[in-house]
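K.L.:
Sequence:
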Amino acid sequence: MENDSTAKFTPFIEKVWLSTPTMHGEELQYITEAYDTNWMSTVGKNIDEVESLTCEKVGCKYAVALASGTSALHMAVKLAGVSHGDKVFCSDMTFSATVNPVKYEGGEPIFIDTEYDTWNMDPEALEKAFELYPEVKVVVIAHLYGTPGKIDEIKAICSKHNAVIIEDAAESLGALYKGQQTGTFGDYNCISFNGNKIITGSSGGMLLTDDLESANKVRKWSTQSRENAPWYQHEDVGYNYRMSNVVAGVVRGQYPHLEEHIAQKKAIYKRYKEGFKDLPVMMNPFDKENSEPNYWLSCLIIDPDAMCKQIRGEQEALYISENGKSCPTEILETLTSYNAEGRPIWKPMHMQPIFRMNGFVTREGNGRSKTNAYIKGGSLGQDGKPLDVGMDIFQRGLCLPSDNKMTPEQQDKIIEIIKSCFE
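In this note's numbering, the protein residues as written are 172 to 594.
Calculated from the structure, these hints are not laboratory results.
Some hints could be false.
[Said to hold, decoys possible] Here are the in silico distance ranges between beta carbons for each label pair:
id, residue 1, residue 2, range
1, M211, Q404, 18 to 28 Å
2, K480, P182, 23 to 33 Å
3, E398, K186, 45 to 55 Å
4, E406, Y275, 27 to 37 Å
5, L199, L429, 15 to 25 Å
Quick caveat: nothing in here was measured; it's all calculated off a predicted structure.
Beta carbons are placed, not taken as given, at the ideal position from N, Cα and C, and that holds for glycine.
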């Protein structure tokens, strides 16, 4: 349903997008180089260069260029030794690509609830999870929307329990935690160059590590596990996961503009924050003392008392408009009516139909049995806050148009459109 705000503004002539690639010209130079030299497959100078550039930028020793961030995560899960039936702790509020590779290897994801300070994995819930599942030896953490999580606390807990960390830094390339780049805190780390990321190759990803043996294993596995023999000799299962030299050319041309893109995204975040200062909302938070996000996506969360009635099913949602209040569904539908793209916050993994039978742990213990109670009536923890933090953020939050080609005038109009939803 819609409210009366849809009649107050003129729709954007050109769509304002959530986040799209921003190209600069150098990309075409390196693509053409691949074409002119006939290096169009999964070897070539562009691949060598982007692996070197990534190591230099991120601060890792080895980078293996792969077809996607998902393939990098799959290789990381394989390196970590996950096999059939192994339980693996995973960030709950993330895209499914963080979790699917665990299933590829036959593992069983156990989801760890989110915390409000950074919208990432809650260290207290992680500690509780180790009490419930002491056998777990692999933890997959993601940095949501380019914001680093509570890395020191998570690393200390994993070290205490002798657990390997796989760091999904797909959304956070260029983000810093205590001056150190994300993508360097895990035993195995992954980044993505998908089309809407901070820099892009149209596709592509990388496995990052400081261990040469691990890097060499991934190079072999990702090229169909071909042995060093005169003929096609295979002793392991292999994958067609290497990055194309053409895609690498796009990434190579994008790298010089990473800091520029981050600065543009940061300006968008700050403009939203200033524009919404009088609304009952908060921008996606981060640890100002210890981290600097890459501001990939700007998001907001509506104060609980300012939420109008909203119900979400599996594939549709309804709301009832109320004066002075709004909800993500109303705001997103209103933005769509003006030709602007927003998105819901990632729906937590434990709420996804495919994972509803998997374990889910909150800071007060196994939250699976308490989830439905919160949906129906508002089950609270001992601190008075919602027991299921990820569900709460999903219900009250949304991703705003964050394209770095959006003009200040377009963003100002988006701010006014959202303000009108609360009238």
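K.L.:
Please check whether L199 and L429 have a Cβ separation lying inside 15 to 25 Å.
P.N.:
With a Cβ separation near 18 Å, L199 and L429 satisfy 15 to 25 Å, so the hint holds.
K.L.:
Measuring from beta carbon to beta carbon, are E398 and K186 in 45 to 55 Å?
P.N.:
50 Å, holds
K.L.:
Holds or violated: 23 to 33 Å for the Cβ distance of K480 and P182?
P.N.:
27 Å, holds
K.L.:
Could you check the hint for me, namely that M211 and Q404 are 18 to 28 Å apart, CB to CB?
P.N.:
25 Å, holds
K.L.:
Can you let me know if the beta-carbon spacing of E406 and Y275 is within 27 to 37 Å?
P.N.:
20 Å, violated
Hint compliance for this structure: hint 4 alone is broken.
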